[in-house]
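K.L.:
With the hints as your guide, set chain B onto chain A.
As a plain string of letters, each chain reads:
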Amino acid sequence: GQQLNQSPQSMFIQEGEDVSMNCTSSSIFNTWLWYKQDPGEGPVLLIALYKAGELTSNGRLTAQFGITRKDSFLNISASIPSDVGIYFCAGSTQGGSEKLVFGKGTKLTVNP
Amino acid sequence: NAGVMQNPRHLVRRRGQEARLRCSPMKGHSHVYWYRQLPEEGLKFMVYLQKENIIDESGMPKERFSAEFPKEGPSILRIQQVVRGDSAAYFCASSPVWKPRGRDTQYFGPGTRLTVL
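As they're listed, the protein sequences go chains A and B. The opening residue of the first sequence carries number 731 in the numbering used here; numbering runs sequentially from there. The opening residue of the second sequence carries number 63 in the numbering used here; numbering runs sequentially from there.
Keep in mind that the hints were calculated from the coordinates and are not lab data. Careful, some of the hints might be misleading.
To be verified - With a straight-line cut-off of 27 angstroms between C-alpha atoms, the simulated DSS-like cross-links for lysine-lysine are:
id, chain 1, residue 1, chain 2, residue 2
1, A, Lys837, B, Lys106
2, A, Lys766, B, Lys106
3, B, Lys124, B, Lys106
4, A, Lys781, B, Lys124
5, B, Lys106, A, Lys800
As the list claims (entries may be wrong) - Covered stretches of chain B, going by a simulated chain A footprint (3 or more residues, C-beta under 8 angstroms):
id, stretch
6, 77-83
7, 106-114
8, 118-129
9, 134-147
Built from N, CA and C at the ideal position, the CB exists for glycine as well.
Next up, chain A with everything else stripped away, as it sits in the complex (with noise of 0.2 angstroms):
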């Protein structure tokens, strides 16, 4: 089946610096969503991207979909506390309405 890998798979760094985390699929998706889990709590989507190439932002979020379309990345500037949880990429290939494949995660450590 579809499988996203993403990586890295923890992150710790210290507050206000900048982290990247990527998504690469071995299939085309057309549709890569962002989505942020804290414990105990269901995904909260962050940035939705629909088209090859594009870029958006949200806040201090950046989020690319690759021009491939098997790939997007989302940048995270000038960390702060509340940045800490888990990150997740999920893709799919329509516009979303169906199932999405998901990434394993990248948990995330902000140190004050």
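P.N.:
Chain B in isolation, oriented as in the chain A frame:
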């Protein structure tokens, strides 16, 4: 504007019992998806439903699991004769009826944590 609601948040069952998990989609959403998450893992798709219809159940185990989304009321994920391996977090997501073509997304509920003793 309430988000996706799931209940119960935590459910404990003994082996062999039945588990019923409920999901109410966001207002205006008529597409519901169920996902399962094991510890330290990403979410895995189980089933996609619209009102009174199962659209895609390719991720559902063939036995003991069933899902429905009736005309009235919440969507239900039912697990019969639970086993320890069913212990996981189960998440429901919903998406809207009308959306710009190719620009849909899914919004998740807080999940139900099932523990099988």
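K.L.:
Each hint should be assessed against the structure and marked as holding or not.
P.N.:
Hints, verified against the model:
1. A:Lys837 to B:Lys106: Within the cut-off at roughly 18 angstroms; holds.
2. A:Lys766 to B:Lys106: Roughly 16 angstroms separates the two Cα atoms, so the pair holds.
3. B:Lys124 to B:Lys106: holds, 15 angstroms
4. A:Lys781 to B:Lys124: violated, 35 angstroms
5. B:Lys106 to A:Lys800: holds, 19 angstroms
6. 77-83: Contact hint for the stretch 77-83 of chain B vs chain A: violated, 0 residues under 8 angstroms.
7. 106-114: This one holds; 3 residues, not fewer than the three required, reach chain A with a Cβ under 8 angstroms.
8. 118-129: Three-residue rule met by the stretch 118-129 of chain B, so holds; n is 3.
9. 134-147: violated (count 0)
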